[in-house]
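Colleague: For reference, the chains in residue letters:
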Amino acid sequence: MKLSGAQILIECLKREGVELLFGYPGGQVLPIFDKLYDSGIRFILPRHEQAAAHAADGYARATGKVGVCLATSGPGATNLTTGIANAYMDSIAMVAITGQVKSHLIGNDAFQEADVTGITRPITKHNYLVKDVKDLARIIREAFYIASTGRPGPVLIDIPSDIQLQETEFIWPETVQLRSYKPTYFGHPGQIKKAIKLIAGAKKPLLYIGGGVISSGAAAEIKTLAEKIQAPVTWTLMGIGGFPATHKLGLGMLGMHGTAYANHAIMDADVIIAIGARFDDRVTGRIDAFAPGAKVIHIDIDPASISKNIRVDIPIVGDVKNIVGEMLEQMKKFPDTSEWLKHIEALKKKYPLKYNKEGDKVKPQYVVEQIYEATKGEAIITTEVGQNQMWAAQWYQYDYPRSFISSGGLGTMGFGFPAAMGVKLGCPGKAVFDIAGDGSIQMNIQELATCVCNKINVKVAILNNGYLGMVRQWQELFYKKRYSHTCISGPDFVKLAESYGAVGIRVTKKEEVRPAIEKALAIEGTVFIDFKVEPEENVYPMVPAGEAINRMIEGLA
Amino acid sequence: MTRHTLSVLVENKFGVLARIASLFSARGYNISSLAVSETMDQAISCMTIVVEVSEEKILEQIKKQLNKLIDVITVTDFTKKEHVNRELLLVKINYSTKEKARIEALLDKYQGKIIQHKSESAIIEVIGEQQQIKQLLEALDQFGIKELVRTGKIAMA
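Sequences listed follow chains A and B, in order. For the first sequence, the numbering used here begins at 55 and goes up steadily by one. For the second sequence, the numbering used here begins at 13 and goes up steadily by one.
To be clear, the hints were calculated from the coordinates, so they are not data collected in a lab. You may find that some hints are simply not true.
What the hints assert, rightly or not - Pairs of lysine-lysine residues, derived as DSS-like cross-links and limited to a Cα-Cα distance of at most 30 Å, are as follows: (1) B:125 with B:104; (2) A:248 with B:69; (3) A:251 with B:112; (4) A:349 with B:76; (5) A:247 with B:76; (6) A:247 with B:146; (7) B:146 with B:93; (8) A:362 with B:75; (9) B:146 with A:349; (10) A:156 with B:25; (11) B:92 with A:247; (12) A:362 with B:69; (13) B:125 with A:236; (14) A:185 with B:25; (15) A:362 with B:112; (16) A:236 with B:158; (17) A:188 with B:125; (18) B:104 with A:185; (19) A:586 with A:415; (20) B:146 with A:362; (21) A:362 with B:158; (22) B:146 with A:248; (23) B:80 with A:247; (24) A:68 with B:75; (25) B:158 with A:68; (26) A:349 with B:158; (27) A:188 with B:80; (28) A:248 with B:125; (29) A:247 with B:130; (30) B:158 with A:248; (31) A:362 with B:104; (32) A:349 with B:80; (33) A:248 with B:112; (34) B:69 with A:251; (35) A:349 with B:92; (36) B:112 with B:25; (37) B:112 with B:158.
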């Protein structure tokens, strides 16, 4: 059967199981949009292409499926790039489809032309410019395969508009054949044996888990491992939810704004079992001072993550779930960690996570705690970037994988709100909260229209302090309180929400916090809650950039 | 800084060279030389890349990052492997008949030859290992080098 390029695309998307597409029309994707019209694939039209990419990303993070976004050539495609880079840094499976000018015009500086494969080369796992309609089905199949296997990541397909119109025999490739791409899924048996031996002899073992645990679906294996070897568990921002936060072996997040006891614990450990994490600079602090006495086992699907920042004693390349599962099967001897756990308990007592709860001002930490209590820990939380993100990470207890959706590697302001749309559409049964700042929310606030129009029931908690708070905090601590351009004004968020047809609630007093959250949860629709919080509240603890991670500023309490 | 020779087999597709080059520039790695050509299999190209690194860790990262590229088939590090390598040099020097004997003696030693000859200059072709080429260039310096071009190293194990 002969199909046009646009028809092939739609047919392939259906066969890949795509049920939801985020995109924005334009001149060079008209043939695709024409075929989308009666395709049966649900289409969400955000108000900015960047939001399409973030929504697809949020959808992917919440569901574990591949997120798909679509934009036209030139500005449509360049607007996607922040979202693509965001997914790349956090290893999120995404396929981005862009229209391109007609093949014969490529390179001619045609209207709305941009070298999109060139621009996205360093921020995609792979990308394609389709030159022949006969290649299209194979390329789409490969794109989904590459995006979702190995260490996941975004793949971009750039399709010139003439290719979308050309017809060819449609042949669905049953299998993908890529001689140069064969991810390793099973760990080397010898390395696994070595790791088991090292763990059995450990006195102070510690699990340090990252986003790989979430993407591999290994949370159950991690819990079993931690309980069997009685080791405390700490996690990165991306690893949140990979181990139950309320579990007694849980240490919370580590790193720059991690708990003090997690940072002390990893410095005191004798064996660090790093699982699906990459020793990012926000985690290690000063690298030569990081965990000097520890032997390191590093389990990761990406060989390039191993020994990139930290010297590793026992690397094991492969899928985290497989490897930890294999280790559990083979383990016979378990370490005695009772002394170590006593030490951990003492650290937890000595350095609790805290904030000043006195007074009747609205503290941002209190807002997050109240959201946790009101949702009984069952919501999916998305965040923007900055103080709001760190408070959301610290003060909500995440017991489940895929319940904390945040821009980790790239740190993209404006991510949380569009991501929340994708999350809600992917998980309609879950309450979804975007914990935002008044700065970040203004970066993609136009998505109020998308939410209202599509009846996407997300709640946005704006921790409104009138500042770009995290930068202001750095200026306070390291730049003599010279608040250079970090004082930011915003609209009346209540009126703004109302003008879009959403509900707006303002909270100025502590006692109004919980009722406002309850009210928002009871409303079937988009709600903005404008929490007027303490303007100069800081995120603590804090490791100054370039310091060892146990050299924290503790703040007031 | 140490030099290492990598032989990289890649899919012979448009854009692959750009992927490799952009990987090096994005991650701040130095390429000393790069030679690219088709192999016996037209679908595969061979790139011989000479890199300069300050520590072993960076060389390891370069190899791993290259391997991560979907279009890279294999990466072979010739550093600790027995291998042969050659480079082709074209060099234009000042030439006068009174220096003829000395120049020819040099060319004999390095198995070079004059491939173009004009009244006051000559273009010399030499194939050799990089060390030999370096020595020859130092020796030719006395006559005055007007221009030179090198292919970059190619290697085989």
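Colleague: Hints first: check each against the structure and report whether it holds.
Modeller: Hint check:
1. Restraint check: the Cα-Cα separation between residue 125 of chain B and residue 104 of chain B comes to about 12 Å, which is no more than 30 Å; the hinted pair holds.
2. Distance check on the hinted pair: residue 248 of chain A and residue 69 of chain B sit about 23 Å apart at the alpha-carbon level, within 30 Å; holds.
3. This hinted pair does not check out: residue 251 of chain A and residue 112 of chain B have alpha carbons roughly 72 Å apart, beyond 30 Å.
4. For the given pair, residue 349 of chain A sits about 23 Å from residue 76 of chain B by alpha-carbon distance, which is consistent with the 30 Å threshold.
5. A hinted pair counts as satisfied when its Cα atoms are at most 30 Å apart, and residue 247 of chain A with residue 76 of chain B qualifies at roughly 24 Å.
6. Taking the CA atoms of residue 247 of chain A and residue 146 of chain B, the gap is about 50 Å. The hint is violated against a cut of 30 Å.
7. Distance restraint check for residue 146 of chain B and residue 93 of chain B: the Cα-Cα separation of roughly 22 Å lies within the 30 Å cut-off, and the hinted pair is therefore satisfied.
8. For the hint pairing residue 362 of chain A with residue 75 of chain B, the CA-to-CA distance comes to about 12 Å; that is within 30 Å, so the pair holds.
9. With a C-alpha separation of about 45 Å, the suggested pair residue 146 of chain B and residue 349 of chain A falls outside the 30 Å cut-off, and the hint is violated.
10. For a cut-off of 30 Å, the pair hint linking residue 156 of chain A to residue 25 of chain B stands: about 20 Å separates their Cα positions.
11. Between residue 92 of chain B and residue 247 of chain A, the direct Cα distance comes to roughly 29 Å. Compliance with the 30 Å bound is thereby established for this hinted pair.
12. Annotation: proposed proximity of residue 362 of chain A to residue 69 of chain B holds, straight-line Cα distance about 7 Å (limit 30 Å).
13. Taking the CA atoms of residue 125 of chain B and residue 236 of chain A, the gap is about 48 Å. The hint is violated against a cut of 30 Å.
14. The straight-line distance between the Cα atoms of residue 185 of chain A and residue 25 of chain B is roughly 12 Å, inside the 30 Å bound, and the hint therefore holds.
15. Annotation: proposed proximity of residue 362 of chain A to residue 112 of chain B is violated, straight-line Cα distance about 55 Å (limit 30 Å).
16. Restraint check: the Cα-Cα separation between residue 236 of chain A and residue 158 of chain B comes to about 50 Å, which exceeds 30 Å; the hinted pair is violated.
17. The straight-line distance between the Cα atoms of residue 188 of chain A and residue 125 of chain B is roughly 51 Å, outside the 30 Å bound, and the hint therefore fails.
18. Restraint check: the Cα-Cα separation between residue 104 of chain B and residue 185 of chain A comes to about 43 Å, which exceeds 30 Å; the hinted pair is violated.
19. Note on residue 586 of chain A and residue 415 of chain A: the hinted pairing holds, with a Cα-Cα distance of about 9 Å set against a maximum of 30 Å.
20. Taking the CA atoms of residue 146 of chain B and residue 362 of chain A, the gap is about 34 Å. The hint is violated against a cut of 30 Å.
21. Between residue 362 of chain A and residue 158 of chain B the CA atoms are separated by roughly 44 Å; this puts the pair beyond 30 Å, and the hint is violated.
22. Proposed proximity of residue 146 of chain B and residue 248 of chain A is contradicted: the alpha carbons are some 48 Å apart, above 30 Å.
23. As the CA atoms of residue 80 of chain B and residue 247 of chain A are separated by approximately 27 Å, the hinted pair is consistent with the 30 Å bound.
24. Between residue 68 of chain A and residue 75 of chain B, the direct Cα distance comes to roughly 37 Å. Violation of the 30 Å bound is thereby established for this hinted pair.
25. The hinted pair formed by residue 158 of chain B and residue 68 of chain A fails the criterion: a straight-line CA distance of about 64 Å is larger than 30 Å.
26. For the hint linking residue 349 of chain A to residue 158 of chain B, the alpha-carbon distance of about 57 Å lies beyond 30 Å, and the restraint is violated.
27. Restraint check for residue 188 of chain A and residue 80 of chain B: satisfied, since their Cα atoms lie roughly 27 Å apart, inside the 30 Å limit.
28. For the hint linking residue 248 of chain A to residue 125 of chain B, the alpha-carbon distance of about 59 Å lies beyond 30 Å, and the restraint is violated.
29. Distance check on the hinted pair: residue 247 of chain A and residue 130 of chain B sit about 71 Å apart at the alpha-carbon level, beyond 30 Å; violated.
30. The suggested pairing of residue 158 of chain B with residue 248 of chain A is violated, with an alpha-carbon distance near 61 Å, which exceeds 30 Å.
31. Straight-line distance between C-alpha atoms of residue 362 of chain A and residue 104 of chain B comes to about 45 Å, which puts the hinted pair past the 30 Å bound.
32. The hinted pair formed by residue 349 of chain A and residue 80 of chain B meets the criterion: a straight-line CA distance of about 27 Å does not exceed 30 Å.
33. Taking the CA atoms of residue 248 of chain A and residue 112 of chain B, the gap is near 68 Å; set against the 30 Å cutoff, the hint is violated.
34. Pair hint residue 69 of chain B plus residue 251 of chain A holds up; C-alpha atoms about 27 Å apart against a cutoff of 30 Å.
35. A hinted pair counts as satisfied when its Cα atoms are at most 30 Å apart, and residue 349 of chain A with residue 92 of chain B qualifies at roughly 28 Å.
36. Distance check on the hinted pair: residue 112 of chain B and residue 25 of chain B sit about 47 Å apart at the alpha-carbon level, beyond 30 Å; violated.
37. Of the supplied pair hints, the one linking residue 112 of chain B and residue 158 of chain B holds, its CA atoms being roughly 17 Å apart against a limit of 30 Å.
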